[in-house]
Amino acid sequence: MKEKRENPRDLLQGTLDLLILKALVRGSMHGYGVAEWIHQTSEDILKVEEGALYPALHRLELRGMLSAEWGTSDNNRRAKFYSLTAAGRRELAQETEFWRRMSGAVARILQTA
Amino acid sequence: MFSAWRNKTWLRLKAICNRPQLDRDLNDEVAFHLAMREEKNRQAGLMPEEARYAARRRFGNYTQTKERSREMWTFALAENILRDIRFTARVLLKNPGFTLVAVLTLALGIGANTAIFTLINAVLFRPLPVHDPQELIQIVRVVDGQDQPLSFPLFEFLAGQMHSIDGAFARGGADVFVTIDGVPQEVSADLVSGGYFPLLGLKPATGRLLEPADDAVQNNAPVAVISFDFWHSRFAEAPGVVGKTFFLGRRLFTIVGVAPRGFAGVVRGRNPDLTFPMSMAQTVWAVGSSWRQEDDHNSLDMFARLHSGMTLRIASADLQVLFDAFVRLQASRAHNNEDRHKVWLRGPKCRQLQREITLCARSILRRSLF
Numbered sequence: 001m002k003e004k005r006e007n008p009r010d011l012l013q014g015t016l017d018l019l020i021l022k023a024l025v026r027g028s029m030h031g032y033g034v035a036e037w038i039h040q041t042s043e044d045i046l047k048v049e050e051g052a053l054y055p056a057l058h059r060l061e062l063r064g065m066l067s068a069e070w071g072t073s074d075n076n077r078r079a080k081f082y083s084l085t086a087a088g089r090r091e092l093a094q095e096t097e098f099w100r101r102m103s104g105a106v107a108r109i110l111q112t113a
Numbered sequence: 001m002f003s004a005w006r007n008k009t010w011l012r013l014k015a016i017c018n019r020p021q022l023d024r025d026l027n028d029e030v031a032f033h034l035a036m037r038e039e040k041n042r043q044a045g046l047m048p049e050e051a052r053y054a055a056r057r058r059f060g061n062y063t064q065t066k067e068r069s070r071e072m073w074t075f076a077l078a079e080n081i082l083r084d085i086r087f088t089a090r091v092l093l094k095n096p097g098f099t100l101v102a103v104l105t106l107a108l109g110i111g112a113n114t115a116i117f118t119l120i121n122a123v124l125f126r127p128l129p130v131h132d133p134q135e136l137i138q139i140v141r142v143v144d145g146q147d148q149p150l151s152f153p154l155f156e157f158l159a160g161q162m163h164s165i166d167g168a169f170a171r172g173g174a175d176v177f178v179t180i181d182g183v184p185q186e187v188s189a190d191l192v193s194g195g196y197f198p199l200l201g202l203k204p205a206t207g208r209l210l211e212p213a214d215d216a217v218q219n220n221a222p223v224a225v226i227s228f229d230f231w232h233s234r235f236a237e238a239p240g241v242v243g244k245t246f247f248l249g250r251r252l253f254t255i256v257g258v259a260p261r262g263f264a265g266v267v268r269g270r271n272p273d274l275t276f277p278m279s280m281a282q283t284v285w286a287v288g289s290s291w292r293q294e295d296d297h298n299s300l301d302m303f304a305r306l307h308s309g310m311t312l313r314i315a316s317a318d319l320q321v322l323f324d325a326f327v328r329l330q331a332s333r334a335h336n337n338e339d340r341h342k343v344w345l346r347g348p349k350c351r352q353l354q355r356e357i358t359l360c361a362r363s364i365l366r367r368s369l370f
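Those sequence lines, one after another, are chains A and B. Heads up: the first sequence is residues 1 to 113, going by my numbering. Heads up: the second sequence is residues 1 to 370, going by my numbering.
Just to be clear, a hint being listed does not mean it is correct.
[As the list claims (entries may be wrong)] Cut-off 30 Å, straight-line C-alpha distance, at most; resulting in silico cross-link-like pairs (DSS-like, lysine-lysine):
{"id": "1", "chain 1": "B", "residue 1": "K203", "chain 2": "B", "residue 2": "K66"}
{"id": "2", "chain 1": "B", "residue 1": "K40", "chain 2": "A", "residue 2": "K22"}
{"id": "3", "chain 1": "A", "residue 1": "K22", "chain 2": "B", "residue 2": "K94"}
{"id": "4", "chain 1": "B", "residue 1": "K40", "chain 2": "B", "residue 2": "K8"}
{"id": "5", "chain 1": "B", "residue 1": "K244", "chain 2": "A", "residue 2": "K22"}
{"id": "6", "chain 1": "B", "residue 1": "K8", "chain 2": "B", "residue 2": "K66"}
{"id": "7", "chain 1": "A", "residue 1": "K22", "chain 2": "B", "residue 2": "K203"}
{"id": "8", "chain 1": "B", "residue 1": "K203", "chain 2": "B", "residue 2": "K244"}
{"id": "9", "chain 1": "B", "residue 1": "K40", "chain 2": "B", "residue 2": "K94"}
Don't read these hints as lab results, they were simulated from the structure.
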């Protein structure tokens, strides 16, 4: 189910989804872990508002891109762990391809000036 | 596509069915995040108080996050439902064969159930709108496996002698021409003995019903009761119908009352418009006065109400003994007719009226279904 990209907010939303999917490629993680991974990997350039992360996680779960399970964190707290489903992996591949072409196109445009 | 929809619906249903659990989970998830962030801030050297506020600031609008998530998890938005309906419609349109089969299956299923329920409701659940219908039995003669009506002498004999019953009545049918307000019309009629209405335990819709006294006075009680349906269709339920007169042949009859709504006689599928006392048989049937003595004038259906505590089996045994006695009695009266009696007086049978109707309905159902 490919969702339409109609306004900038959708674009941002799509970006966040992509980051989340990417974060979970190497195994299951809780929301805080996903936020930390994004901060560290982007070297704090992408300032994700951490609260916005959770609706995005839940939306992906509802769409069947993620599966979730309650478990215990390293410091013995009850936490919800997300992991990629097969559909999530497919979505990630598609979105990655989309972003490659997108950023490539933007980069080419910027170089021509 | 479908599995995604199913997954979503299933997760949402779970969330809806357990709202408190959903709220707890959302709270726990956010609280866990804040605690982790606070911990990290403290390790980075912030004061505990400052660490907590920094975590909150970084998280953003705490309440809004939970609201958005909660909304997502439930069907709170009509939009969601609409989207699901649209999706369903698309899938159905994509598979017209499947859709056709599904719609036909549902239509046939609903139609068949409605038809069967209508039938069952009519014959099983409301078989006889009378007082304690399960106590009513019908008594018939069985000739060559066929149920046959009785003669008046046999009815009178059995009604007077059977100990297992609280009372009995006889009923015969006729289609007659009557003239109401100068307009002749054909109506269906029942002739009933005096015990008919009292034994059925019915109350009139208006006026009165026939009483034993109407049947006692031979040829001198030209009265009739009309059915509720006839009152409705012919008289528009006018209360003035009581006392109204009509002609049957050359005799003037008076309508004394209306039978209760929903009562359509004791013979299924008949619904007599008029009910006359049996004392009027000569006029209604146009027969000679001797019909009451003729034991081969078999035109009556006999019904009885079982004495409380009596079973059909006891009544049957009672009936068999009396029937044999009746045959002997008749034979002794008419020596030369002994052979004739053997032909038309065969084993009697009593059967429970409601059960008969139920069995009859079952056979109709079986025939129409298979």
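Each hint, compared with the structure:
Proposed proximity of K203(B) and K66(B) is contradicted: the alpha carbons are some 68 Å apart, above 30 Å. Between K40(B) and K22(A) the alpha-carbon distance is near 23 Å, which keeps this suggested pair within the 30 Å criterion. Of the pairs offered as hints, the one joining K22(A) and K94(B) is violated, with about 34 Å between alpha carbons and a cut-off of 30 Å exceeded. Proposed proximity of K40(B) and K8(B) is contradicted: the alpha carbons are some 35 Å apart, above 30 Å.
At roughly 95 Å between alpha-carbon atoms, K244(B) and K22(A) are farther apart than 30 Å, so this suggested pair is violated. Restraint check: the Cα-Cα separation between K8(B) and K66(B) comes to about 19 Å, which is no more than 30 Å; the hinted pair holds. A threshold of 30 Å between alpha carbons decides the hint, and for K22(A) with K203(B) the separation of about 83 Å lies outside it, so the pair is violated. Straight-line distance between C-alpha atoms of K203(B) and K244(B) comes to about 20 Å, which keeps the hinted pair within the 30 Å bound.
Between K40(B) and K94(B) the alpha-carbon distance is near 54 Å, which puts this suggested pair outside the 30 Å criterion.
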